[in-house]
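*Asks:* Chain residues, written in single-letter form:
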Amino acid sequence: MNSQSNLIINRKRSILLLVLPTALALFIVLIPILYMFRVSLYPASNVSAHGAGWTLNNYINILTDPFYLKILGRTVLVGLGTGVFCTIIGYPVALYMSRCSARKQQIMTLLLVAPLYTSIIIRCYAWIVILGNKGIINGFLNLVGINSISMLYSYFSVYLGLVYVFLAYMILSIFNVLVTIKKDVEEASMIMGASRMRTFIEVTFPLSLPGVFAGFLLDFVLSMGAYVVPATLGGAKMGLIPNYVYSSVINTFNWTQGSSLAFIYIITTFIVLILYFTIVKRFSRYLAGSTGVKK
Amino acid sequence: MKSNKLLAIWSGIVLFFLLFPFAVIVYASFTNSALVTIPLEDPGINSYLEILQSGRYVKSLMLSLKVAFFATLFGVTIGTFSSFVIVRKGHVKIVSLINNLLLAPMMVPAVIIGIAIMISISKLGINMSQTLLIMVHTVIVLPYVVRTVCATLSNFDVSIEEASIVMGAKPWHTLLEISIPNIRSGIITSALLAFISSFGEVIITAFILPIGMTTLPVEIMNTLLYNFSPSIAAIAVLVSFGVFTVLYILFRLFPKAFVEAQ
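Here the protein sequences line up with chains A and B, keeping their order. Residue 1 is where the first sequence starts when you use the working numbering, and the numbers rise one by one after that. Residue 1 is where the second sequence starts when you use the working numbering, and the numbers rise one by one after that.
Treat the hints as calculated values from the structure; they're not laboratory data. Misleading hints may appear alongside valid ones.
What the hints assert, rightly or not - Quick list of in silico lysine-lysine cross-link-like pairs, DSS-like style, CA-CA up to 27 angstroms:
| no. | chain 1 | residue 1 | chain 2 | residue 2 |
| --- | --- | --- | --- | --- |
| 1 | B | 256 | A | 104 |
| 2 | A | 104 | B | 5 |
| 3 | A | 12 | A | 104 |
| 4 | A | 182 | A | 104 |
Unchecked claim - One-sided and incomplete, this derived list gives chain B residues near chain A with beta-carbon spacing under 7 angstroms:
| no. | residue |
| --- | --- |
| 5 | 81 |
| 6 | 84 |
| 7 | 124 |
| 8 | 160 |
Backbone N, C-alpha and C define an ideal beta-carbon position, used for all residues, glycine too.
Model the full structure from these sequences, guided by the hints.
*Replies:* In structure tokens, the structure reads:
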């Protein structure tokens, strides 16, 4: 796969260089998550964090409770919705970026990612100020004589916050694919008599789909796992699974329930990802067949 | 060409959408009342004065800076060396597995990682400490380092390493004195990105803070959710300004490494 010489990075030194980061990631991420899985299989207990032995009851209780099923459905739906909104809003921006000069592309990348590096809590705070009942938007509306609209703590504010936070990932992942599409292919299409629009629909867009799929996947997974946005912009009624993992473990000290919720979340993500990859694979094959464009 | 113009306008609107909230924070920081209204009821700079006089955020700022500094130091050191192995030996199964393990903190929700660490630590009966905080932040910044350095490293011309070896230099010497100086743009970029990521991390941190201590973003979150104070806008402005300055300098110095890192 890779023809770089390995004069320096031989087997012995590879092991030496990887030992520390691997150990850190194992002890700080993987093992705690495995322990959490173990906790999810303990019986619940009123006197300590968990009882002794093994049980599937925590999972059964959650999966038979309409309250949690609703939250699970909402989590998946909000993930999908954010992915769709980000695609629709982000694609034209990525397309525009791909047609800009290299310098302008760099500057746009800077502007897109700059907000990502400020703490998410600051960005959510800004949206509270903008959307609040006495906030910026309502202030403007009142100035022109329109009554205040309630915008915070709704699906609207949650989607807005999630799109705001994850849009840049979508734009960049589509852009990264668009810039690799050779100009010759588009020119060939136009020389053959296709209009600009038709060239886009039949050549450029299908070729850029891998970027759309990658961006969608990223936004979908990230927004399903979002905690701060639903907690600050969604309020108590709009929580997603991660918010309930939090409240189970921290507020009600119910470790077993929180841990099983976390694993239901992880398993759900896996199932949705597998479904997603299957659909994408079928779809790409169908597209490759119908346009004759080979990836 | 008309369609391009529409695309340009749309892109302008989207960029405005992404950046406008920061203008709002600046606006909100110049009021003395708890409410941000249009026009401002009581404009003034009390919130900035409050930060200066009360020293309210100083302690948490210091902890944030300290944690971010050490996490960056450790993260960049071990992340850079592992990037060499990941780029050169990526075809080996265990290496690509380790690469995925190092990138995992980006994909698993922070709440789940944070709670998993918290319940494990409390099971073990260990007290939360700054050392633990720094270790966890090291793992948090590793993905940024690995991604950035790997991107730079895959454009790196290995023939200079070969030349160095052929001339009789020891492999470790070559690595430290030839290879690493040649990818310094990637390393510096990764260091600054790692620093500001650690500095802004709020969720995992909130679960593992030592008793009586808090980092700046966690304090901002607590202020926002539990005991509101108008000074939050001023501190948010100062922090965002700092982050943007770092990003801008980085962008001016190494535009290529910066863009590749994203």
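*Asks:* Please go over all the hints and tell whether each is borne out by the structure.
*Replies:* Against the structure, the hints:
1. Pair hint residue 256 (chain B) plus residue 104 (chain A) holds up; C-alpha atoms about 13 angstroms apart against a cutoff of 27 angstroms.
2. Proposed proximity of residue 104 (chain A) and residue 5 (chain B) is supported: the alpha carbons are some 15 angstroms apart, at most 27 angstroms.
3. Using a Cα cut-off of 27 angstroms, the hinted pair residue 12 (chain A) and residue 104 (chain A) is violated, with the two alpha carbons roughly 45 angstroms apart.
4. For the hint linking residue 182 (chain A) to residue 104 (chain A), the alpha-carbon distance of about 19 angstroms falls within 27 angstroms, and the restraint holds.
5. Checking residue 81 (chain B) against chain A: minimum C-beta separation of about 4 angstroms stays under 7 angstroms; hint holds.
6. With 7 angstroms as the threshold, the beta carbon of residue 84 (chain B) comes within range of chain A, its nearest partner Cβ sitting at about 5 angstroms, so the hint holds.
7. Taking 7 angstroms as the C-beta cut-off, the interface hint given for residue 124 (chain B) is violated, the closest approach to chain A being about 9 angstroms.
8. Because the closest C-beta pair between residue 160 (chain B) and chain A is about 11 angstroms apart, greater than 7 angstroms, the hint is violated.
Checked against the numbered hints above, the structure breaks hints 3, 7, 8 and satisfies the rest.
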